[in-house]
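Peer 1: Sequence:
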Amino acid sequence: MARQRGSHIVMQKKTHDSTITVIVPDHNEIKRGTLKSIIRQSQLPPSVFEV
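Counting in our numbering, the sequence shown runs from -13 upward without gaps.
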């Protein structure tokens, strides 16, 4: 976690040529579209998030 402001958590991962930043709302439930956006921003394959 890089920082938190209000109800949003900012996460960052530095790679050799860039920084990946993902903002995650700190809510009990996250809407489907918001979750898809978080997964897309993370630049990880969706299979990582499957249960």
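Source of the hints: derived by calculation from the structure; they are not laboratory data.
Please note that a few of the clues may not be correct.
Stated by the list, open to error - With a cut-off of at most 27 Å between alpha-carbon atoms, the simulated DSS-like pairs for lysine-lysine come out as follows: (1) 22 to -1; (2) 0 to 22; (3) -1 to 17.
Unchecked claim - Computed Cβ-Cβ distance ranges for the label pairs, DEER-style: (4) 34 to -13: 15 to 25 Å; (5) -8 to 33: 13 to 23 Å; (6) 37 to 3: 24 to 34 Å; (7) 9 to 34: 10 to 20 Å.
Yeah, the Cβ is synthetic: ideal placement off N, Cα and C, and Gly gets one too.
Peer 1: All hints, please: hold or fail.
Peer 2: Hint-by-hint comparison with the structure:
1. 22 to -1: holds (19 Å)
2. 0 to 22: With a Cα-Cα distance of about 21 Å, the restraint between residue 0 and residue 22 holds, given a limit of 27 Å.
3. -1 to 17: holds (24 Å)
4. 34 to -13: 15 to 25 Å: Check passed, 18 Å falls within 15 to 25 Å.
5. -8 to 33: 13 to 23 Å: violated (32 Å)
6. 37 to 3: 24 to 34 Å: Hint holds: Cβ distance 32 Å, inside 24 to 34 Å.
7. 9 to 34: 10 to 20 Å: holds (18 Å)
In summary, the structure is inconsistent with hint 5 from the numbered list given earlier, while agreeing with all the others.
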